[in-house]
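In order, the protein sequences belong to chains A and B.
Heads up: the first sequence begins at 1 in our numbering, then just goes up one per residue.
Heads up: the second sequence begins at 319 in our numbering, then just goes up one per residue.
Incorrect hints may appear among the rest.
To spell it out: a stretch of chain A is covered by chain B in this simulated footprint if at least three of its residues, at any positions, have a beta carbon under 8 Å from a beta carbon of chain B; those stretches are [what the hints assert, rightly or not]: (1) 142-151; (2) 160-169; (3) 233-243; (4) 294-300.
These are computed hints drawn from the structure, not numbers from a lab.
No residue lacks a Cβ here, since even glycine has one placed at the ideal position from N, Cα and C.
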Amino acid sequence: MYFFCIMVFNTILILISIAFLTLAERKVLGAIQLRRGPTNVGFFGLAQPFADGLKLLGKETIFPKSADKFLFVFASFMAFTLSLFAWVVVPFDEYAVLIDVSFGVLFILIVSSLNVYGLVLAGWASNSKYAFLGSVRAAAQMLSYELSMGFVLITVLLPVGSLNLSDIVIAQSDVWFVVCFLPLALVFFISILAETNRTPFDLPEAEAELVAGYNVEYSSIIFAMFFLAEYSNMIFMGSVFASIFLGGWLPLFPGITNIPFGFWLGLKVTGLLFIFIWVRGTFPRYRFDQLMGLGWKCFLPLTLALFIFYWVFFNLIF
Amino acid sequence: MFVSVIMILASLIIGKSSPDFEKLSPYECGFNPFEDSRKTFDIKFYITAILFIIFDVEVVLLLPLVFVLNFCLPFVLVFLALLIFGFFYEWQKGILNWA
Chain A
1 MYFFCIMVFN TILILISIAF LTLAERKVLG AIQLRRGPTN VGFFGLAQPF ADGLKLLGKE
61 TIFPKSADKF LFVFASFMAF TLSLFAWVVV PFDEYAVLID VSFGVLFILI VSSLNVYGLV
121 LAGWASNSKY AFLGSVRAAA QMLSYELSMG FVLITVLLPV GSLNLSDIVI AQSDVWFVVC
181 FLPLALVFFI SILAETNRTP FDLPEAEAEL VAGYNVEYSS IIFAMFFLAE YSNMIFMGSV
241 FASIFLGGWL PLFPGITNIP FGFWLGLKVT GLLFIFIWVR GTFPRYRFDQ LMGLGWKCFL
301 PLTLALFIFY WVFFNLIF
Chain B
319 MFVSVIMILA SLIIGKSSPD FEKLSPYECG FNPFEDSRKT FDIKFYITAI LFIIFDVEVV
379 LLLPLVFVLN FCLPFVLVFL ALLIFGFFYE WQKGILNWA
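Chain A extracted, bound-state conformation (with noise of 0.2 Å):
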């Protein structure tokens, strides 16, 4: 019973800071271009992502006539549902972990990898061209820069010796992976922007050419799963980049205790979302032939390449 209500508190504070991660996007986003951003409902315009929900809960779900309903719906079902699934492994404190698995980044990989049936269910389900072109541009996207994901993340592991990430963030505890590890932790940022299908790499929803991509069919709350998804795999990614590179609950100053220690984690995750949204507001769209050649022909030889340096050099100290 304990453990439920802890499970449920979590996930309403994560839905509560998707939330304000969607508002934080569009101010930075007006900073970035000169305008104020959303600013009348309430305060400062801080209850706009609350009123969009609303929203969206009250606008009609349609229906494509052509659409497989049961695939339609359990797609933005399971694209949500995954997303909050993740958050189990990720270590808030040092014994602030939902669920401690001795597997935590072998979870991590799994429930990225199952994210593509989501919004490949989504393209198939509507029967629609759009639909159907960015799902699969989003599952060749998500999995080829799963495979420098993974590289990165078992070079990364070599010296910890644990797959857990609570040992990979205590093992920080000296000097921060970022420092050691700085290519990796570069080519492991720019396979998350791919990953969740953020900006530079936003093949699958390119509004110039497929209009919305794999959700062009969605409305109201079926779609706003799909956005809530999105934004919590964001959080999600950021809160492993910072567990793995950055340290994650460690202070950023040592012999700091008097803060608790999950707020040196969020304020990693909110530097690094603000990069996402930076990245977003600055740089133009990859072409899709250019996305896969970075993703194949550079990211993968270069990750296979330093895991195999790291791996003798390791080799070689210990």
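Fit chain B to the known structure of chain A by using the hints.
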């Protein structure tokens, strides 16, 4: 999971529904859809998926290395060499070229 079920049900109850032929037909730039959307698509996507499976299995097979750092150096080198050879073969065959 509970959250998503609750959200779908809430929207089905709250949302209004007024079906209409144009609204329910698949979206296509203002036209009526004029082709089956279960179209053929580029074989490249399929090949990418197959390559992904090979390399993903490789990642999973390499994961135990994390626990045993000094384990079987020649074995791992041969394993990686085979995969890298295969990878460059694919590259040279032009499978990785999207254009």
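*How does the coverage statement for the segment 233-243 of chain A fare against chain B, requiring three or more residues with Cβ below 8 Å from a Cβ of that chain?*
It is violated, with 0 qualifying residues against the three required.
_Three residues or more, CB to CB closer than 8 Å: is that satisfied between the segment 160-169 of chain A and chain B?_
holds (count 4)
*With a Cβ-Cβ cutoff of 8 Å, does the segment 294-300 of chain A contain at least three residues near chain B?*
holds (count 3)
_Using C-beta distances, would you say chain B covers the segment 142-151 of chain A, given that this needs three or more residues below 8 Å?_
holds (count 6)
The structure fails to meet hint 3 from the earlier list, while all remaining hints are met.
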